[in-house]
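Colleague: Taking the hints into account, I'd like the entire structure generated from these sequences.
Protein sequence lines correspond, in order, to chains A and B.
Residues in the first sequence are numbered from 1 upward in steps of one, following the numbering used here.
Residues in the second sequence are numbered from 1 upward in steps of one, following the numbering used here.
No wet-lab data here; the hints were simulated from the structure.
Chain B residues, not near chain A, derived (Cβ > 12 Å throughout):
1) 63
2) 142
3) 152
4) 230
5) 238
6) 267
7) 277
To spell it out: a stretch of chain B is covered by chain A in this simulated footprint if at least three of its residues, at any positions, have a beta carbon under 8 Å from a beta carbon of chain A; those stretches are:
8) 13 to 23
9) 29 to 39
10) 79 to 93
11) 96 to 107
12) 114 to 120
13) 130 to 137
Just so it is clear, CB atoms sit at the ideal spot from N, CA and C, and this is done for glycine as well.
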Amino acid sequence: MAGSATGYQTGGRPTTGEAIADIRDAISRRELWMAMAWQDIRQRYRGSMLGPFWVTINMGIMVGLMSLIYGRLFHTPQSEYVPFLTLGFLSWLWMSNTITESTQLFVMAGRYIKQTRLPITLFVFRLLARNLIVLAHNFVVYIVVALVVGLRPGWTALLAIPGMLITMVCLFWIGMLFAMLSARFRDFPQIINSLIQVVFYVTPILWQPAQLGVKRFLIVDFNPVYYFLEIVRGPLMGHLPPVGFWKLTSLIALAITLIAFPVFRRFRGRVAYWV
Amino acid sequence: MTAPLNMTAGPSLELDNVTVDFPIYSGGSRSLKKTLVSIGTGGRILHGSGRVSIQALKEVSLRLGHGDRLGLIGHNGAGKTTLLRTMAGVYEPTTGRVRVSGRVATIFDFELGLDYDATGFENITLQGMLLGLSRRGIARLTDEIAAFTDLGGYLNMPIRTYSAGMLTRLAFAVATSSDPELLLMDEWIETGDADFFQRAEERLRTLIDRAGILVLASHNMALIRHYCTSAVWLEHGQLKAIGPVEEVIEAAGLAESKAALAGRQELDAGLAEYRERA
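Modeller: Quick look at the structure:
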């Protein structure tokens with residue numbers, strides 16, 4: 001592999017300017033990370049006739065089976081439960097897969113990182129792009145489900161977009177932070193993987209908050225993932241979450257940025273030594 | 001080095017007292033759990049958690065300007081690759097500074113990063129993007145690259161079907177298709193048939209001639225003599241000698257080892273034959 005870069009200075013104390021330049025360079029090289037993201041997808045499904053649409057089929061089968069079982073279990077009408085489960089599940093998979101995969105991000109890109117000077121955020125953009133492509137494939141299942149059960153969210157559905165943007169800001173910085181921590185501490189990915197499994201069960205994806213009854217506030221109201229799910233899932237279900245949900249998630253996004261950015265600024269240049 | 005006084009024109013590369021330490025993570029220092037326990041207990045639990053590091057480069061200062069062709073020589077582990085990667089901006093120095101101006105291209109292990117399931121053309125695109133080319137720029141260059149590889153219809157096939165020689169041709173053609181002002185190279189291809197070797201040599205010559213600055217690390221003294229006008233001798237991460245190629249090779253005691261001599265003669269013979277034919 002050959003690589004290239006144009007004019008740079010290294011050494012000295014890490015500066016905010018360098019950190020911002022990293023992000024700016026990554027954005028200007030979007031063709032590269034988009035190509036890498038598509039390459040990731042193709043590599044995963046190479047040799048299968050359906051290609052990335054395996055994701056869609058997988059998702060369809062999962063949702064179908066789970067609706068059968070859990071819909072019965074919870075005595076919820078299928079027309080309400082199936083879209084709820086579909087949206088919850090695909091939003092959850094999007095967020096959790098992005099985070100899980102972030103723990104492998106720099107380690108797996110080690111060859112690139114050591115061969116040539118690339119902005120390290122380029123790999124985070126690649127991660128986000130790749131998972132957005134998977135989400136788009138899974139989204140087909142939602143459209144089919146909505147058509148079948150006659151769900152018509154109308155223009156409200158478009159309000160899922162700001163929700164997704166807020167979520168993506170979080171995913172960007174969490175991805176950056178976890179990718180760094182995983183490169184430095186090799187037991188970090190296991191910690192995250194176990195944690196994510198737990199979060200799946202305590203978050204209202206398979207079950208609805210109302211089913212918890214009066215005890216809901218402990219599990220649901222203190223679970224930040226719930227609010228992120230709602231700002232994406234709610235509008236697509238045709239009902240808007242309270243304005244407070246957007247405010248809260250924006251605040252969380254801001255907090256995560258404020259925590260992750262200094263770490264990024266300080267250790268950006270060390271990643272090549274860790275991978 | 002012969003530093004150009006006119007700093008406004010042409011590429012430049014400056015290393016100012018550069019030291020690179022590699023942290024050695026041993027025992028629990030790679031584990032977050034153990035590190036946290038160690039912090040929580042004031043470092044009493046995790047023994048030997050003190051940072052150990054290896055000094056890969058020690059206070060290296062260099063200044064290169066337009067027209068400089070520098071060879072890096074030294075034994076394995078002397079720090080040649082680390083120095084190249086530090087110049088390339090991959091490793092940020094622990095202390096000291098690196099300043100580079102101009103478009104830099106690195107050709108280290110140029111078969112790395114190939115996607116073996118993708119076709120030749122797809123690899124040209126991806127590798128081209130890593131070189132900083134745009135899709136449009138690559139489209140312009142693709143014909144020329146394809147012609148050089150001489151792979152014809154194979155370019156539509158996944159490159160895992162290629163032979164080692166074909167892979168080399170493809171990777172080499174892409175890696176040398178950019179137009180850098182500073183060229184940083186590690187080692188040199190050994191595979192490929194004689195005919196390809198000559199064409200590669202010619203292509204590389206053009207690339208090097210166009211580049212304002214060349215830094216080449218190699219064990220092959222014939223190559224260093226062939227391409228470089230000055231050299232540095234690295235040992236244990238320190239600059240032992242710097243100056244004209246022959247003097248530095250002499251100082252390093254690397255002059256005319258049997259293998260190097262053979263390599264040089266082979267190259268010279270190949271070149272002579274090529275020139276005759278041309």
